[in-house]
Each structure stands twice: as C-alpha cells, then as structure tokens.
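**Student:** Residue numbers (my numbering), protein chains in the order written: chain A, 571 to 659; chain B, 571 to 659.
Worth flagging that the hints you see were computed from the coordinates, not collected in a lab. Please read these numbers as outputs of a predicted model, since none were measured by experiment. Accuracy of the hints is not assured; some may be wrong.
Intra- or inter-copy, both count: the list cannot distinguish identical chains.
Claimed, not checked - Cross-link-like lysine to aspartate or glutamate pairs, in silico, DMTMM-like; alpha carbons within 20 Å at most:
no., residue 1, residue 2
1, Lys-572, Glu-594
2, Lys-572, Glu-587
3, Lys-624, Glu-641
4, Lys-624, Glu-594
5, Lys-624, Glu-587
6, Lys-624, Asp-601
7, Lys-572, Asp-601
2 protein chains.
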Amino acid sequence: MKAFVQDFGLAVRQLREGRGWSQEQLAERSDLNRSYVGEVERGSVVPSIVTAQKLALALGVDGAGLLARCEQLEQSRAAQRIRLASIAC
Amino acid sequence: MKAFVQDFGLAVRQLREGRGWSQEQLAERSDLNRSYVGEVERGSVVPSIVTAQKLALALGVDGAGLLARCEQLEQSRAAQRIRLASIAC
Chain A
571 MKAFVQDFGL
581 AVRQLREGRG
591 WSQEQLAERS
601 DLNRSYVGEV
611 ERGSVVPSIV
621 TAQKLALALG
631 VDGAGLLARC
641 EQLEQSRAAQ
651 RIRLASIAC
Chain B
571 MKAFVQDFGL
581 AVRQLREGRG
591 WSQEQLAERS
601 DLNRSYVGEV
611 ERGSVVPSIV
621 TAQKLALALG
631 VDGAGLLARC
641 EQLEQSRAAQ
651 RIRLASIAC
C-alpha cells in the first residue's frame, strides 16, 4: 500500500504542476498547510479521504478522478515492471 | 466535509449489503477490524485513503469507483434538498 500512497502524491503533484501552481497556492486553495501538501506529494504521510477530497476539489477534479489518476499511475508502473522483466529474461 | 465521510460510509454499507456480507466478512476480506468497519459505515471515523483502497478492493470496485458512488450519493442528497426547498417555497 506504500506504492499507492506514493502514486497518490505523484498524481497530486502532476495535477498541481499542470496548473502552474506552487505548493503554497495549492495549500491555500485546499485549506491545508503548505508543508503538509509537500509531505502528501512525497508520499510520506497517509492522507485521509477528507484531505484527498479537499485536494481534488482545489485541483478542479472530483475525488474519484484523483483516485482514478492514481490507479492509472499504478497500472503504468506495473506494465513497466513487466516490460523490464521481459528484457531481463 | 462531515457529510462526505457519512456518504462514504453509506456507500461502503450499500456495496457490502449488496454482496450479502456481514461486517465481519468485509473486515476479513479487507484486513481491517470488524468494529472499525462499523465505525466507517456509520461515518464516525475519517478513514485514510489506504483504508478506502482496502475496502474498495475487498468490495471488488476500485478506489475511484467507491468515491464516485459516494459523490453520487452527495449529489442525490443535494438534489433532494433543492426539491424540498421548492416544495417549502
């Protein structure tokens, strides 16, 4: 489940950077602390569903959209692992 | 955000009951404590995204699917409030 938390953070970072926002701007819009947003993006804290929903709303996606993006990241990583394994064999 | 947590619990309960499972069965399948599953369903605890993902996987939906269901419940409640307000006017 650690990979899931990291992918969630990566999805948040990608969406934030896609909007050209600093962590501070995202923190303000989502009513969260700036350093906490940084920790979420690095996958070093496990956010609650309320935090996830706040971030999703601030980023203009719904919570489901944010998790879907995170699941896509997981799938593409799994696909990459399979490709690397087939090269190694 | 309290309504969001309650809707999340309701979505979990509806999916669990739809499968004919007891809280104990869901707890076993999701590797969570039975009483904790009960608290999640009642909306009396705020689950982490990891707990949400565990529950979603046990219920055979992805995390995004579970949040989407929860957001649908929120929307239908909002629509009901509008209907009630229009009757009251």
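**Student:** Broken hints, numbered, in rising order?
**Tutor:** 1 and 2
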